[in-house]
Amino acid sequence: MSADVSTAPVAPPLSRGRRWRAAWRRPETRWAYLFLLPWILGFLIFTAGPMLASLVLSFTDYDVINPASYVGGENYQRMVEDPQVRTALFNTLLYTVIHVPLSIAIALALAVLLNQIGGRFAGFFRTVFYMPAMTPTVAVGVLFLLLLNGQNGLVNAALGLFGVDGPAWTTDPAWVRWGIIIMSLWTIGGTIVILFAALKNVPMDLYEAARIDGAGAWRQFREVTVPMISGSLFFVTIVNTIASLQMFTEVYTMFYGNAQSQLQASDSALFYVIYLFRQGFQFLEMGYASALAWGLFVIVLIVTLVQVKLGDRFVYYEGDDR
1 MSADVSTAPV APPLSRGRRW RAAWRRPETR WAYLFLLPWI LGFLIFTAGP MLASLVLSFT
61 DYDVINPASY VGGENYQRMV EDPQVRTALF NTLLYTVIHV PLSIAIALAL AVLLNQIGGR
121 FAGFFRTVFY MPAMTPTVAV GVLFLLLLNG QNGLVNAALG LFGVDGPAWT TDPAWVRWGI
181 IIMSLWTIGG TIVILFAALK NVPMDLYEAA RIDGAGAWRQ FREVTVPMIS GSLFFVTIVN
241 TIASLQMFTE VYTMFYGNAQ SQLQASDSAL FYVIYLFRQG FQFLEMGYAS ALAWGLFVIV
301 LIVTLVQVKL GDRFVYYEGD DR
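Residue 1 is where the sequence shown starts when you use full-length UniProt numbering, and the numbers rise one by one after that.
By construction, these hints were calculated from the structure, which means they are not laboratory data.
Please read these numbers as outputs of a predicted model, since none were measured by experiment.
Hints are not guaranteed to be accurate.
Ranges between beta-carbon positions, derived for each pair [stated by the list, open to error]:
1. Thr137 - Asp213: 39 to 49 Å
2. Leu37 - Glu74: 33 to 43 Å
3. Val56 - Ala122: 50 to 60 Å
Virtual Cβ for every residue (Gly too), placed ideally from N, Cα, C.
Work out the full structure, taking the sequences as your base and the hints as a guide.
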């Protein structure tokens, strides 16, 4: 016994243009693009446009006053040969290499501490640890210029209580970089919040299983906590690295917004973005400053790509079979 089963012919897939027109006929699609339009215009006008303009300017000699003249790759050749670029890049990379792991380690320790605090004081301590991150960056620079003052600063006064003669944090070139690193730890509140949220999402049954296996607190932290929050650790590492490579406001406020000309001459506080800013807005060499900006973009891009490649080996994501 057989039965005839008739099937409807399968419609051929729509071309990309027809799919686009079909989607555009839906009111929700038009509304979506309407709401996205302000962001798209803002991106084109305030981000993509200036980036393209700076790329063009990087091949010119432009001082704002006179018309730009094409110079080819001279600005990039000058950037490679400029000794102050090497000094600024060294200071920036040294700061990044020390600041990023140190700030994340301290933020993780404080996040673990906050995770252990319960009761009615929990919210208070979370607020206290995050509030410094809300301080304007210019205010942070001014504040630490006073705190790290070698003669009457609060930091050296505290060291004096233990019989230690504090260094001249803001005037001695040998100690300036360490003073900047101390100042930068003031703004780790955002990192604390991210890691604290990650700790809250670690399943408690993993800790219970580890305790049953005889794991102590340190082993639980190393083999349970760190792998489970590795995604957040990876994120804050990338974000803090990019921010460190672009360090500007606090250092400029402390050392270039005042009369510490002797320290400026030593270049111990010269960071890459500060040098870029001075070339563009103090010496009006906009073409050279644009080349410096694109040099920084390449550096940040390479460092980020390396971190992403390394992150594929060490970062655990939920549902990962590794």
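| task | For the range 50 to 60 Å, tell me whether the beta carbons of Val56 and Ala122 fit it or not. | result | holds, 54 Å
| said: Given a hint of 33 to 43 Å, does the C-beta separation of Leu37 and Glu74 actually sit inside it? | reply: holds, 40 Å
| said: Taking the Cβ atom of Thr137 and the Cβ atom of Asp213, is their distance within the range 39 to 49 Å? | reply: holds, 47 Å
Every hint from the earlier list agrees with this structure, and none is contradicted.
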